[in-house]
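K.L.:
Listed below, chain by chain, are the residues.
There are 2 protein chains.
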Amino acid sequence: MILVKVGGAVGIDYDRVLQDVARYQDVVMVHGGSAELNNISTLLGKPPRMLTSASGHVSRRTDPETLAIFNMVYCGKMNKMIVEKLQQLGVNAVGLSGIDGRLLVGKRKHPRVVENGKKKVLRDDYTGRVDRVNVDLITLLLDNGFLPVITPPALSYDNEAINVDGDRAAASIASALDAEALVILSNIPGLLRDVDDEASLIEHIDADRAEEYMPFAQGRMKKKLLGAIEALDQGVGTVIFGDARVDEPVTRALQGRGTVIQ
Amino acid sequence: MILVKVGGAVGIDYDRVLQDVARYQDVVMVHGGSAELNNISTLLGKPPRMLTSASGHVSRRTDPETLAIFNMVYCGKMNKMIVEKLQQLGVNAVGLSGIDGRLLVGKRKHPRVVENGKKKVLRDDYTGRVDRVNVDLITLLLDNGFLPVITPPALSYDNEAINVDGDRAAASIASALDAEALVILSNIPGLLRDVDDEASLIEHIDADRAEEYMPFAQGRMKKKLLGAIEALDQGVGTVIFGDARVDEPVTRALQGRGTVIQ
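Protein chains in written order, with numbering that gives the first Met the number 0: chain A, 0 to 261; chain B, 0 to 261.
It cannot be assumed that every hint is accurate.
Since copy identity is lost for identical chains, a pair holds within one copy or between any two.
Below are the PhoX-like pairs computed for lysine-lysine, each with C-alpha atoms no more than 25 Å apart in a straight line [to be verified]:
1) K106 to K84
2) K84 to K108
3) K117 to K222
4) K221 to K117
5) K221 to K84
6) K118 to K106
7) K119 to K84
8) K118 to K84
9) K117 to K84
10) K84 to K222
11) K108 to K221
12) K45 to K119
Derived by calculation from the structure, the hints in this document are not laboratory data.
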């Protein structure tokens, strides 16, 4: 089984990715939608706001209104766009969010911020991270010939929808399914030594030395590398960061083009 | 098995509906989202446009941009709002659109309109009606303890997402599942003799005389009655038009409050 995560950043060519996904048996997909969420939020008069924690961790401010827009973009627009394209390629895809069938369950966080010099807990923020994956529902669909296409949000222990990072959700799912490979596709060639130079690709990382590469992981790459380390720790064979902008991006990644961590 | 369809019109109290749904075993839900689609479309600078056919049939003009907004509202906002509320009520709901797992398949229509005195076929309109229901996927979920929450769009024979009427989709699903009852909840008490007088409720209709009541079916009630006739023709025991604004709306409908057609 392979798990293909395709990002939601600008420049992703979904047609190329999905044409390649359609060549494989026994695949699960996870997707993002951040760029489109920024667009639609802005059009709806609710431009994106980011929070930075004391440790420098950046996350999206997700109040109830933002979460409703998040659901629209991730579960509505992006998920059904991918399912429709897969159906056109002859793949019987089923799109699910993490709240459907309690597919992804996790702990809700209560972010602390500093406002006017005072520390404050944001009580109306709905973010968190995935702790548990309902493998039974995914297996039920795979065994019956469906390709699951999974997207955040997840469900909190109090049954609230929560915004979770897609890369780390993908890592949790790959771990829970004992996937042979987790392919994480985005709009860059992989992990770069110099974030401004696509030629500075790091081609191979030993799993047990992966932590040493954290300094190279800038921006969104940070969570991808964290997810990769978690997945490898939990038995996933290989994690590959591949380029979503090339022909046959899944196949190329599986052939070792990109950053291979194993 | 009962099928509960809850409309998407203004004034629907989803909490009441879902609290009542949670009391039943062996339920499938179908929902709409028309009022919220009108809101969000307007906010996104794409206000709703309706088409009227030569026979007086009114439908939403669904160009590709409208369909993407349709997916956002129906599959994203409304579907996940319902799934989240059901999870909070202890019901393990799974939300699906008609394109997921080819759940609802039908023929795409090519609406004809008159523009500047000339007849014209709208080639970029994505509407149609449901011909086939993938009962296997619904049964698979029911047999494994999930409550399916189903929404348009459906999938055309050419694998395009198409906007289909939710009431008639619900009728097709109820028929395909041989449901004992199809409960159609909306923001009125049922079929009225006088559309402006809620006291003029028609309480009972014999299934074989249902066509005679078509003149009373104004606006959206027309498709509900058409759907009811189709469902009864195909073996559904009872169809009830009930009021979604009261306490225990499903239970009251099943007790005969509303318009009972059998």
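K.L.:
With reference to the structure, classify each hint as holding or not holding.
P.N.:
Status of each hint after checking the structure:
no.	hint	verdict
1	K106 to K84	between (33 Å within a copy, 18 Å between copies)
2	K84 to K108	between (35 Å within a copy, 20 Å between copies)
3	K117 to K222	neither (28 Å within a copy, 57 Å between copies)
4	K221 to K117	neither (28 Å within a copy, 59 Å between copies)
5	K221 to K84	neither (30 Å within a copy, 33 Å between copies)
6	K118 to K106	within (22 Å within a copy, 58 Å between copies)
7	K119 to K84	neither (44 Å within a copy, 28 Å between copies)
8	K118 to K84	neither (47 Å within a copy, 32 Å between copies)
9	K117 to K84	neither (49 Å within a copy, 35 Å between copies)
10	K84 to K222	neither (28 Å within a copy, 30 Å between copies)
11	K108 to K221	within (19 Å within a copy, 48 Å between copies)
12	K45 to K119	within (22 Å within a copy, 39 Å between copies)
This entry does not satisfy hints 3, 4, 5, 7, 8, 9 and 10, going by the numbered hints stated previously.
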